[in-house]
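> Chain residues, written in single-letter form:
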Amino acid sequence: MRVRTNTAIGGVLMALVLGAAATAAFWTPFDPLRVNLRARLQPPSSLYWLGTDEFGRDVLSRVMAGAATSVVVALLTVTLAIGFGVMVGVVTGYLRGWTDRIIMAINDALLAFPGILLALAIMIVVGANKFGLVLALGLAYIPSVARVVRGTVLSIREKEYIEASRVIGNSELYSMLRHVLPNAVAPVAVLATSMFGWVLLAESALSFLGLGVPPPAPTWGNMLAASRPYMESAVWLGMAPGLCIALTLLGINLLGDSLRDRLDPRMAHG
Amino acid sequence: MHARRPSDLVVVGLALACLFVMPVRAAAETVLRTRLNADIRSTDPGTNRDANTDGVVAHLVEGLVAFREDTSVGPMLAESWSVSNEGKTYTFRLRQGVKFHNGATMTAEDVVWSLKRWLDPATQWRCLSEFGPSGIARIEKIEAADPQTVAVTLDQPTALFLPTLARPDCGQTAVIHRDSVGPDGKWIAPIGTGPFKLGEWKRGQHIDVIRFDGYASRSEPRSGYAGAKTAEVDRVRFNVIPDSSAAKAGLLSGSLDVISALGVPDLDDLKSRPEVQISVTPALGLTGILFQTRDPLLKDVRIRRAIALCLDTAEIADVVMQGTARANNSALPIGSPFYGEVQTHGYTQNIAEAKKLLVEAGYRGQPIKMIANKRYGFVFDSAVLVQAMAQGLGVNIEIEVLDWATQLDRYNRGDYQAMAFVYSARLDASLSFEMLMGPKATQPRKIWDNPEAQEMLRQSMMTDDTAKRQALFDEMHRRFIKDVPMIVLFNGAELAALRKNVKGYAGWLYPQPRFWGVSVQ
Amino acid sequence: MLGYLARRLAMTVPTLLLVAIGVFTLVRLIPGDPVQVMLGDAADPAQIAQMRAQLGLDQPIPLQFVHWLARLLTGDFGHSITDNLAVLPLILERFQVSAVIVLVAVGLAACVAVPAGLIAAWRQNSALDLAVVGSATLLLSIPSFWLGLLLLLLFGLKLKWLPVIGYVPFSENFWQAMVFMLLPIATLTMIEIGVLTRMARAASIEVLRLEYVTHARAKGVPEWLVLGRHVLPNAFAPTWTLIGLVLGHLLGGIAVIETVFTLPGLGRLLVDSIFARDYPVVQGCLLFTAVIYVVVNLIVDLCYPLFDPRVTVA
Amino acid sequence: MTMPLLTVENLRIDAARTGATVVDGVSFAIERGEFLAVVGESGSGKTAAARAILGLLPTGLVRTGGQILLDGEDLAAASPKRMRALRGPAVGMVFQEPMVSLNPAISIGAQMAEGLALHERISRREIRRRCLDMLTRVQIRDPESTFDAYPHEFSGGMRQRIMLASVMLLKPKLLIADEPTTALDTLTQREVLDLMVALARDHGTSVMLITHNLGLVARYAQRAVVLRQGRLVETGSASQILSAPREAYTRQLVDALPRRGAPSARNATGEPLVSVRALNVEFGGRQRLFRRGKGISAVNGVDLDIGAGETVAVVGGSGSGKTTLGRAMLRLIPATGGEIRFRGKEVTTKPDREFRLASQLVFQDPYSSLDPRMRVGEIVAEPLRHVPELTSAERDRRVEAMLEEVGLTGFGQRWPHELSGGQRQRIAIARAIVRHPSFVVADEPVSALDMTIQAQVLRLFERLQAQYGFACLFISHDLAAVEQVADRVVVMQGGRIVEQGTRNDIFDRPQHEYTKALLAAAPVLDFSGPENLRASG
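Chains as they are written, first to last, in this note's numbering: chain F, 24 to 293; chain B, 117 to 637; chain E, -18 to 295; chain W, 2 to 538.
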């Protein structure tokens, strides 16, 4: 019962976000970058549903365009981190021995830093733009993915069907790719959903600390960061992106929960 | 964990309890609480410093001369001075009865000792290079003729000697007591002659300055860093609050009395508050768009001019500074005594002409990368507006946001196409041009590389003759506008928000708050 | 126990060396230069060069690294470029602030989250469970600084219950310090409640499925004792691991929260010194953070047998 | 006759979510001091019925009808508080999994004392004394130190004794034992159950033993209740149920008990297919900082020959090294000494492709031996990757044929989790056989399955062996199964072979004490009758 209600809520929230992002690709009520100095800091009205910002740009349009940027950034980051993390995790879990020890030592060293600050430093190096952000956050998250994947790989390695594969005469590499990898997907999928949320949070935190996707291109994070001075005088500026982030995270977390429930072997056995 | 849980509960309980027991302030003492956005670097004037440091130290120490409100130089510890030896010897007559914070009376010996300390390379005085080979002049001799007289001899005449001595970033070439340093020459704490003496400095938290009761004030009214200085509060506390929203909140909740260097976005909000008054003062800083004139695309002056012509600088200044600053296309700040009718002629928006120039230059939508940073909100906002206006013309500007240090690095290396930048205040007209001008081949950070103009600049530095300098500056302005090495947008404003009970505060051209003559009721 | 400790500590040496190399390299990769930042727009090249030489920044980078490492081994983290303070005392001072917030907040969060998660798991799929999971997920979903700002707005400005800015060290005046710390602690507590409740609930569900819980009930043990004595300690073990991870990361600085509430914490110090390119401070902070992470994890592992006697550290 | 201790009338239990009926109108009774066996396979509802007595149905199951009368009191109507008072002193319960039924975080003593402290007003010293007495009673060697120890320090058998002790401490009127020994090896099973019976006799406790093992019913129970899919099939005295079952299903259960097969005609001659000499396997001790801990010797100097087509059974209790031997012979675990020859060729250290392709393994747990992300058809086809020059059409045909052989025609597109345990084990066998190996190691292939399924799978295995003629190393702790399939039997204890011989020799003329003990403990159907509780109590 709970599972279904929550999945539904999560699904609706995510559908809204993706819908807004997709719509923004070809239509927004106003040009999200269009400066209109005669309509600055307008409260929500029938014309500007969510009001306007300090440059007179339509907040609704920016929230929609921001959804697109945020979703793209989050997806790319998750892809990058998961891709590399899975690679590192599988390779170390597969090779064991010294390669494993060395790579895991590096991995642990990276894990020892607070991710957001690592991302901040990387971002200064590679530049504050969408791809810099993706690279920075991706790199910052790879170690945790690698850890999770390696742990999963190590536990799957001990499963009897892996032994069965060896008995059949399959090479270790084949066993890894054919048996270990597909079975490691489930925890990674759950991790990916949480990470999607972390990226949204991290992006806004980085914007807040002064580096993120640079405006004027809107993201929820930089909109939220830019709204700070107007926190009291123009509440809607911060509310719109803040609520968007919170609701999207809520949606993705709920979906992640139901995904986890579905992938739980106990549930699968009935 | 088992051990910790109960203690946590105690902590919370007590914390809740103390919500109702707010800290009690000492009643007798008057304290003025203000904000710094970052901690000061040291208390050693003009050495290990930044703007915040200068601002605090200016309350503690004084030099022979100081800038007045109109950026002219007036006497401070000197009673008067005379220039002789073809403009090479300056003889300062000192004021009598000036006391150091430790009670000692200032003499010519102290002045000589202080000047010599600044000129010692080991001190790492920021302005030492001004008196080196590439500077304005060398100092050949410093001597105390009698306890009230000090003579300084230069190797060549310069109009900039006194302004340099007065520069706040040079620590106003402060006269300090020799006990400010230890026997090993290591800095201890400033024993100066200022209206306040140093109180408690808690790193990262606050710096207190305490009224110096033995202060001997000048008689003429307060003017810039010169004139009368009377401490009307017992203590000024500079709280280190990096976050501007928190500072604003602090002011509104009454835990701060003054926020200087107020951000423009906070202005709107604070203006409407009954408990708050706003002080707006034109400032000397300079915000504008720099062009790299060696860039393959932007070396074409027609493109630069086209961009300049498509801007409505008045509107940019108005929006970005929310009506607190006027547009200015001149390299000279509006507050400068040399800012005249000529300087008001800058760029006038002319879209048709701009379009024509672009066609002539063969511009076909090539992207122009403009560096900006978010450390200075008004610079960033200007960049956004310039981009938006240029877009209307069909010029494709892409904003690249860097952090301030990276942008400075790119600035110093000249590695950019365009950048939105802000210069700090220069208190002399020659210096306003000097910061922009120079040969790019040897000094890549320079913006405007025009040998004829550079010669005019050199002449302006050599002479004291106001009319002659005005003529030089006027001509330089015309060429500056014609060459478009950068588009100056505005000079900005010094904004401060004060609670209504703060009396006597006034900003001035130089963006540093002064808390002498300020009282809290 | 001592052998285990020695082994664990020996294992961290390569990690920390890698951290040191990584930190140093990363810091030098960042464009910009501390001297430029200090001197600002009015710096001339001669001044910059002179200052770089004074700071030893003109030496070859490998040499700088060796010098730094050699001094580190003697416990000398160097001096800040911007204000010439010794780095280690500076870090320690700032760390106190972060540590107090983090420890109190995570402790409080655990005190709320573990029982909440337990009760939600106990009544799995009930309305109560839905409410607990829903609020936890919601708390987890709010950006921390936004939450901080909302709290600041509400308690500091609208209600005027709490001071908005300032900081008093605990060593100076405990009560005043607490007043200033309350909002940041509340913010972090709320976020962490979200994280920990979900973990505690999941762990409790696992435990509740186990036979020994039924066994306890079959002995006639009342429900509150079943939960308190049989489920809680076992469900706490995995939660404890997560708490360790959380602590390890948060103690490295809660830059965002420190920024919102203008507290002189470690995170803020690191962010500021990154922007100022204050190499010794950045290096020191990052290394210190890594050490803290390693030490916290070690402590967590050492404490683990308290919750799970199956695990031994020998 | 007086009123029975417990009467269950028309008990009905439904799954709350799906509405499926788990227990459907079941009625039975237990007399005072009686030993009742509740027999059923997975899904029979036997556990649910037992838990309903305690009011401890797992989440998702609800009692929807019927009465449970304990001493005339309807437990179904009792308040939670009253139920708590009854649990322990009136009804005690022992669970199946000794590994998870004791709380790992609490010391043995505290767990034992918990029940006493709740139900009786006695001093702590008295509690301690009674706990220690009880530990002594269940033959724990060092009660004092056990009292302060934690469950993980004990083996499964020990834990089950401790469990028994903590339940019997409260002298319940009724003891419900839910498959209490299924997870234990035969010897331990015997010891624990004997103890349980003795303790019950001491306290006059009635026992309700839930089991799928008819051997246990024969040995211990006076009466038996047979359940199937939530319904009562048959109830009667144990000997009647076993010797003269009235219902077809009961008969099927009885028939499923393994019986000695015909003497095989495939006795080994000539060169052995696989031969092992002085095989040693040692597991590395824990790596310490300065020294390596002493290794544990799991297999110690084993000599063994297996002829082509021959089935050699390896029997022994937990920790006897039989599984390690099987793995080592397949070179899945490196041998630390000795040699392995395959068709006369030494294969101990260097990988040998021929040996690898000719040998196969069938696992104990059909749930973890099949890759959950592969379809059944793919699983069975996988070994054929290594058969050269096989077209995909031929491969599909062979897979199809193999599935037909194991009776799962048309299952190729299914996922493992869609299959029952028996079906999975058939797939595992199909995978092992599809490449026509000459040597198969079967590691407890049926011990995780229900009785009737065990019989089917064993028959299938025998048939396939007859058809394909592979040699087999059959590892089992279940002597009954061994008796059915083995040509020769090897008995292992502590990593060594203590006795080996033909099946008939071992079963009929055991020499070694350990072999005799194993045989004695084996729950076979002997109708010497149960140890009569009532008579002696």
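Do not rely on the hints blindly, as some may be mistaken.
Stated by the list, open to error - Within a straight-line C-alpha distance of at most 30 Å, the following computed DSBU-like cross-link-like pairs (lysine-lysine) qualify:
| no. | chain 1 | residue 1 | chain 2 | residue 2 |
| --- | --- | --- | --- | --- |
| 1 | E | Lys141 | B | Lys257 |
| 2 | W | Lys351 | F | Lys182 |
| 3 | F | Lys153 | B | Lys204 |
| 4 | B | Lys584 | B | Lys204 |
| 5 | B | Lys387 | E | Lys139 |
| 6 | E | Lys139 | B | Lys616 |
| 7 | B | Lys215 | E | Lys139 |
Hints were generated in silico from the structure; no laboratory data involved.
> None of the hints should be skipped; say for each whether it holds.
How the hints compare with the structure:
1. E:Lys141 <-> B:Lys257: Cα-Cα ~61 Å, so violated.
2. W:Lys351 <-> F:Lys182: 24 Å, holds
3. F:Lys153 <-> B:Lys204: Cα-Cα ~58 Å, so violated.
4. B:Lys584 <-> B:Lys204: 20 Å, holds
5. B:Lys387 <-> E:Lys139: Holds - the C-alpha atoms of Lys139 (chain E) and Lys387 (chain B) are around 18 Å apart, at most 30 Å.
6. E:Lys139 <-> B:Lys616: 20 Å, holds
7. B:Lys215 <-> E:Lys139: Since the Cα atoms of Lys215 (chain B) and Lys139 (chain E) sit roughly 48 Å apart, the hinted pair is violated (cutoff 30 Å).
In summary, the numbered hints that this structure violates are 1, 3, 7.
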